[in-house]
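Engineer: Keeping their order, the protein sequence lines are chains W and U. Just so it is clear: in the first sequence, position 270 is 270 by my numbering, and no numbers are missing. To get my numbering, take the position in the second sequence, counting from 1, and add 1000.
In short, the hints are calculated from the structure, not lab data. Here the structure is a predicted model, which is why all the values come from computation and not from measurement. Just to be clear, a hint being listed does not mean it is correct.
One side of the interface only, derived from the structure: several residues of chain U facing chain W at Cβ under 8 Å [to be verified]:
no., residue
1, His-1096
2, Trp-1285
3, Ser-1413
4, Pro-1421
5, Leu-1460
6, Gln-1461
7, Leu-1463
Ideal Cβ positions, reconstructed from N, Cα and C, are used throughout, including at glycine.
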Amino acid sequence: MTAIRKSDVLVIGGGIQGSSTAYHLAQRGISVVVLEKDTVSRHASGVNAGGIRLLGRNIAEVELSKAAMHMWHQLDDELDADTGFRARSLINVAADEADLNTLRSREQQMHGLGYFHEVMLDQQELRERLPHVADHCVGGVVSEQDGYAIPFHSTQAFRIAAERKGALFCEGEQVQQIRKVGDSWLVSTATQQYQAEHLVNCAGAWADLISVMIGDNVPMSYSAPMLMITARMPHFATPVVGAVSRPLSFKQFENGTVLIGGGAKGFADRANNTTRLDYSLLASGAHNAIEFFPIMKTACINRMWSGLEAYMPDNLPVIGKSVRSENAYHAFAFSAHGFQLGPVIGQVMTDLISEGSSRFDLDPFKINRYERKVL
Amino acid sequence: MADNLTAPSFNNSYDIAIIGAGPAGMSAAITATKAGARVVVLDDKPRSGGQIYRNVDASPLANSAVLGEDYLKGKQITAAFKRSAAEHICGVNVWHVGNNGEVLFSLEGETQRLTARQIIVATGAMERPFPIPGWHLPGVMSAGSAQVMLKSDGLVSDGAVFAGTGPLLYLIVAQYLRLGVKVKALVDTTPKTNYVRSMSEIAGALSASAMLIKGLGLMNEIRKSGTQVYRFADNLQVMGSDTAAGVSFCVSGNSHEIVSDHVFLHQGVIPNLNMTRALGVQHHWCEQQLCWKPTTNSWGQSSQSFVSVAGDSSGIVGADSAAAMGRICALGQLVSLGLMSEQQAVTEAAEDQRFMARQQRFRRFIDCLYRPIDQHRKPTDENTVVCRCEERTVKDLKQGFAQGGRDPNQLKSQTRCGMGPCQGRMCGHTVSELLADWRNEPVADVGYYRLRTPMRLVTLQELSRFTDVAPAVTPSIIHSTKSSSSGKGSSLEEKPQ
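The following block holds chain U by itself, in its conformation from the complex (with noise of 0.2 Å):
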């Protein structure tokens, strides 16, 4: 309901919980409330609107339209959102969902509890990991974080080198150079052969032309600033040896270095999935993204009938789909919850549908012509450092896996690769993609790491205050989940993307 909700006044039983107040979260709110659910949002900042729309309604600056019509026009639904019934509980970190509907999360350092009959995890996605020799030293930055400060402090970093591939990165530096910041270089690792790729999926991208026109505008716009390009590069490296002192990469294998202390990497993004790992629902490897997914049927409902996935930390989709899904789900879990036909539910999601098929056919698009190359994913220098947290290179993974190391959970036991701080959220998918490798078997054998509870740090302190917890789920919930899975075989086809 508000915003500025400070004071715990929340109920503590709901119809659904939504994790996330991203498009996806909030057009779910919007469309449960009005069919009279109880909803409760959850969202770990201060304001409504994801990343994409981050501090839509609050920019700290002066002209906010330097960020592009795509952010603006998050206020139409961040203002519906805040228009509906839905309680907003933000600036809380949510750091336990059970498989019994139990949220947990922090609000001022007091763990509070809630519970839910329906589960919405809309955690959105993280920038893709970007092993490559000297990631991990200070000076080297995502390009997302770049984004996050200029949104929300009005912070910019001069004469940077951005580095990397996908349409992210080209709007950060056209944003950058909008508010008159120079940029040092813009090093493009988009190889040729995607191009050539992607020409067979181009039929799919030009029903949504208009998307990919702003995407070349972007481009023409930084050419035309005078901002050097780089494109076709490859083998790039950070240089430097404590800090970040530039990069290094060759392009038709002609060596480029260029100074900076400032290096901002970015090569598209991967859902956030520790949520729904925690959860223990079922993922799948997706070629197509090169990144892991929560199993969902066209409703967004996943393998623990009660928790449904919208937007990107479904698979990457963009804001427009992730809205999209966020309604489905939501019609889906109305249904469940006997507060709607399905014939009606069936009615209302058409239109989303469509779009997302239409959608679909852009993505593979996308997709294919900003598909990260093996080079960068998959390192094989053997200093390159894989875990930062722990700081595991390639050549510690490699013994581990010599030593039996086989799957991430067994090299993770072995190594300590992924068991720091940041839950293996900056190391998972490399680890997945090297042992597929260096096993000589598809990713989706190689399987992810096992995660748990807590989903975010928690301090012992507030750990220690917290008795509330009411017994929790009987497993034969998780069974029946598990046999309808396996029983209504074909409603648990992949969702669309």
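Here chain W stands alone, though its shape is the one from the complex (with noise of 0.2 Å):
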């Protein structure tokens, strides 16, 4: 029998979200241990497209994404590590006159709200930035500050620097069973016990098991991003480009190969750790990348993967307290959008255990929002 090991706070999940948080809380002194059934950032946090995008985000995450994206600038420092990060800015095409509208309406809309850092281009702006793109399209929106990081960097980054300052993290140990007794939540794994005054589910794909070990029904569900990635290319796009209205997603790094993304599916496999891949959609993708970037047709493709990611039916995350019990806390379901958030959602968790409340407002988050709805 192992000795029971105690800290003022459990993480479960060694992804992005519970390296971040457990760097946030080391550093202000709280003792964390964190708890990663496979290894580190194995899942959606290492092998995710790397987007740092603050650029056409739900008004609800705005200031969360503007907040992170302020850390990323300076994330390096602040860690003492290569994230990788680029700030490349961020483009989304229009394609036709349909979309123009609809950044017209977005435009409205945020200036409205008093955020001003998407900046439409016309036709001509949007090819001096990006001298390759297709005849066709007529313009577009830039965010100046966005780019890109290498995810399984980042999130390493985050793991070693949490760990200088004392936080611990057990890979291999996959959570059993969780129980609050009096004032303690008490966790077991295969082999080990753990002790924990506030508990944090930071669980990615699984987050929905955790959260009913909790006491917090969830309709969570789970799938499998996919990306492809080519052999090196001659230079040809600085800027990180999306699509308005069309799954495209695609990045050149320095290296000159170039990853496509855009949210196409596969299939998700969560009880064996793995995916399989949809190549009818990826066919899809690269038609889109094609027909937007005609340079991009001599491209040779490496690599394909995917990885397990958490969705919510609204697709924004939840983020904030148990509604059921009381020391618990959750951060999951980032729906393919989370990386950019890691930074900050680290703070908010830390705010949370250490005064109670964060200086966001998380109403829209909560795990308990769709309660009263017919899904």
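Using the hints, put the two chains back together into the complex; each one sits in its own frame.
Structural biologist: Pasting the structure below:
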């Protein structure tokens, strides 16, 4: 029988949210243990497209995303690491007049709320920034601070910085049972018992299982967003590129490889930690990439993959306190756009734990927001 | 059926799809079609024969006899294959084999799709990486590619140095010499200790003495030609900064240098793993052959019951055993398809199984004698390149390891080692072995890269035109094979080699 391992906070899930939470807690001198069932950044946090995107955020997320963006621009210094972050700007390309109308009404809405970070581009400006864009593209919108980072390196950077400040990461530790006894959370894995006053659920595609153990039901689903990357190509695009109304997203890295995403989903097999790809959807992604950037015709696809990611029906994450249990917190189901939020989420969780509240409006992210709705 | 099939006239569903038209794939096709199975064979080369019998019935050489009788006897099997009812789709790159029996392949820039109830992977071997200082320089090639040039185009390189170990190395040197090409030197890195150790396996080798005599004959032929031969060489390095300028090495502590613009390296072959790995079948580390192998039962069946693996892609067995394994795999699948009784399959497989058992003893001897030395598999020099595509050195990997890259996949994410266009082929084994040393754990516990489709590079344009993919397998198929592998442990013993 091994001795129980005690800490102030127990974080379940060693992705970017869990690692960032551990970092911020440790920095404030709060003892923290992270339980990861596989290895840190093994799933979505290590294999996502690495987009650092403020552009086009849901209104509910804009404040969080802006705060996170500010942090990304200083993150390498703060963590004393190389996350691979590059501010390259992000442009969503408008393919036709309907796209431009979408952008115009978005602009009006954003300006009304006092947000001015999304700037519309006319056809001429678009072409100056993306000389290889197809002739039919009529304009777009840019967010200058946006860019990309290397997901695996970023998550590891949080982990290593957290460890330097005393956080403990336990890999290969799958949670089997969670009990609340008095003021303590008791968590057991196959080989070890853990005890903590506070419990944070950052379990990504497995977070609904943890949530139920804590006592919160949640209509979460999970899927396998797919990516592919080309062999090296001559440099042709500096900004990260998306499209207003098409599933297209790509970025060219400094080494010339081009990462193509767009949100198409493969098939998730969560029980076996694996995914299967849907080649017809990847094919339409390839089609879109060529349609917007004819130079990509000659690109050679080197690797294709997908990771396991959690989604909510409204594609907004769950962030905040448990509604049914004291001293339990959730940060999961980022619905394929949580990587950029990672730095700030750790801060939010730490504020909730140490101060009982956050400076952000977390109402839209409550875990019980669907309870009275008919889905 | 026809080697020169150009239009995609194939059907799109088959009993058995065989990937690879070498001795294993061809003999599997012959056996399976005889019993009435609908068989398709896909291969990337324009003609059947595989690496060993490449172009055997269309040699560019005036006198292909210089390539040896082991090569020429491939004519029999390619002829029998052509007479068989198997459909042969040649010159195609298979880039996806799904665990639902779906095969996607590139034919003249277009992706085509077919499905099969059973799959035989017969993708053969590749040369073992030779990660020594300078092996990545222009001017350095594998000895196998020298042979490919010889067999397909009749091209040779004058005044080259051949270095390494293994029967293929001596064979290629002999083939060069027979064509009157000057070979500057043969640097044999087989250590003395291997000769001593392999003596314990000599009883097995004597039972295949004909093959052994052939090997000794090659060595004599090389010596008689006056080619400089250095034996028991170690500390091999390729000299030069931008291109190869020659090799340096030690013999009994004395250093030697040989100047040459062309260096051919070879230290044996290992299974071509990318297809079986991408299929997700179980693999194990084989200490005798120092390589990963798909785990199969005595019928060549993998941990996914409808996938069998034959020939060198299952572990290095050589051409004759590959042909035997191809027949055995086909018999096993005929039983699964309900086209043959188990009793009949057992009877028909008996002779091939006896043959393979005999060969296995010889193989133990060969593996022991030509076991490449640690120094040439697990580089210690910090500047030696391990991953050629991403130019990652031992130093880079050590750094990644220190930062938490403990298994090949973490190390890949950490350092990009294995992310390039060779899809890990040239660094996978080195990384597994290096990590095992650094962790002081068995290679088996370290594992290998998680590989995925595409198994070959495919252009974005080709993919963009492809839309015809039916819904794929239900996960239950994966589960049932997993449970059968644990439930029937005895049927999944390591296959004979």
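Engineer: All hints, please: hold or fail.
Structural biologist: Each hint, compared with the structure:
| no. | hint | result |
| --- | --- | --- |
| 1 | His-1096 | holds (7 Å) |
| 2 | Trp-1285 | violated (20 Å) |
| 3 | Ser-1413 | holds (4 Å) |
| 4 | Pro-1421 | holds (5 Å) |
| 5 | Leu-1460 | holds (4 Å) |
| 6 | Gln-1461 | holds (5 Å) |
| 7 | Leu-1463 | holds (4 Å) |
Violated hints amount to a single one, hint 2; each of the other numbered hints is respected by the structure.
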